[in-house]
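Chemist: One-letter residues, chain by chain:
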Amino acid sequence: MIEALLLAAAVVGGVEYQSADVKKLQADEFANPGMLWVAQGERLWNQAAASGPACASCHGDAAKSMKGVAAAYPKFDAALGRVVDLEGRIDACVRVNQKRAALVAESPERLGLSAFVAYQSRGMPITVKIDGPAKPTFDRGAALHQQRIGQMNLACTHCHDTHAGKTLLNETVSQGQPDGWPAYRLEWQSLASLQRRLRACFYGVRAEQPPFDSDDLIALELFLAHRAKGLPLSVPGVRR
Amino acid sequence: MLGRIQVPALVKKGEPFEVRVLVQHPMETGFRRDMNGKAIPMNVVDKLKVSLAGREVFSAEMGSGMSANPYLQFYAVANEAGEIVVEWSDDKGDTGRATAKVIVA
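Chain order of the listed sequences is A and B.
Residue numbers for the first sequence follow this note's numbering, beginning at 112 and rising by one.
Residue numbers for the second sequence follow this note's numbering, beginning at 97 and rising by one.
Some hints here could point you the wrong way.
[As the list claims (entries may be wrong)] What the simulated footprint calls covered on chain B by chain A, stretch by stretch (three residues with Cβ under 8 Å from a Cβ of chain A suffice, anywhere in the stretch; the number is not a length):
{"#": "1", "region": "158-168"}
{"#": "2", "region": "182-195"}
[To be verified] Using C-beta positions, here's what the derived DEER-type ranges look like:
{"#": "3", "chain 1": "A", "residue 1": "S325", "chain 2": "B", "residue 2": "G150", "range": "51 to 59 Å"}
{"#": "4", "chain 1": "A", "residue 1": "G179", "chain 2": "B", "residue 2": "G178", "range": "37 to 45 Å"}
{"#": "5", "chain 1": "A", "residue 1": "Q300", "chain 2": "B", "residue 2": "R193", "range": "41 to 49 Å"}
{"#": "6", "chain 1": "B", "residue 1": "A105", "chain 2": "A", "residue 2": "A212", "range": "40 to 48 Å"}
{"#": "7", "chain 1": "A", "residue 1": "M235", "chain 2": "B", "residue 2": "P112", "range": "37 to 45 Å"}
{"#": "8", "chain 1": "B", "residue 1": "G150", "chain 2": "A", "residue 2": "K210", "range": "18 to 26 Å"}
{"#": "9", "chain 1": "A", "residue 1": "A138", "chain 2": "B", "residue 2": "S155", "range": "28 to 36 Å"}
Hints were generated in silico from the structure; no laboratory data involved.
All figures in this text were calculated on a predicted structure; none of them were measured in a lab.
We put the CB at the ideal spot given by N, CA and C, even for glycine.
Go ahead and model the full structure; you've got the sequences and the hints to work with.
Modeler: In structure tokens, the structure reads:
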């Protein structure tokens, strides 16, 4: 049924629901504040950790080695035995190969590295695998998308499928596409991960927020990535 | 602290050109409180100076009204090639610097 809905309505990227000013800011490689995090990520990429090699020591030039990588996440990771998003994959690499402590959610380091890696796939279509070992996670995400939650008793679908393009208070409801994340959100005056954005949606419908990196958030991320199939990645996005 | 400064690839002698500056900074207003109700001290980029070939061409004193990660844009004139340097400091005393080359045609 979801597939049918998606076929009926064209997939529209998140920035299309923003004002002309915000669109211009996102397209401007210099003024886009998210580029500060990309630059920070690039610095971290080339910097050796005290207890291990730099990202660049194994992965080399990110422009080549990381091209297209972010467009395939979230992805089932055989070594970890579960589906991880890009940030989770980077975090695992930091812990296992650089032997460092886990990167704290929404820290400048974690956002910087994920934005820098995702930036290498700018303009490339999102295509995630949802079959095989990723199937249970995808199904969980698809179910969550339809599940009414919170005091408002709303599911994702009630705003982002049936009311996209309409106005909610002074905002235009988007389709909830993940193509621009991590994005710089003007309201938060910072780059933010898709997980933070999703948690804000839980807060919006007055539901309990799942913790960062929880199975629910990863499942939703995978579902959303599949729902956005073919949409070009535009990290770092800018949102109001 | 990270910052960037941008000038056109080539500028004409004696003619104004656009300079753009972006600084990564939280610009804490001093009016916010943290999760425990404790006031977060004010910390903004209070002084910012731009010099071209050693001569000051722009300066700004900013307050709590500026957004985080401030973006500034202004015009300057160059008569000879040189380095354009932006330097700033915040209330905590942290400083930052970014440079770009100005090539005069």
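Chemist: Give a verdict on every hint.
Modeler: To see whether the hints hold, each was checked on the structure:
no., hint, in the structure
1, 158-168, "holds (count 4)"
2, 182-195, "violated (count 0)"
3, S325/A / G150/B: 51 to 59 Å, "holds, 55 Å"
4, G179/A / G178/B: 37 to 45 Å, "holds, 41 Å"
5, Q300/A / R193/B: 41 to 49 Å, "violated, 23 Å"
6, A105/B / A212/A: 40 to 48 Å, "holds, 43 Å"
7, M235/A / P112/B: 37 to 45 Å, "holds, 39 Å"
8, G150/B / K210/A: 18 to 26 Å, "violated, 46 Å"
9, A138/A / S155/B: 28 to 36 Å, "holds, 30 Å"
In terms of the numbered hints stated before, the structure departs from hints 2, 5, 8, listed from lowest to highest.
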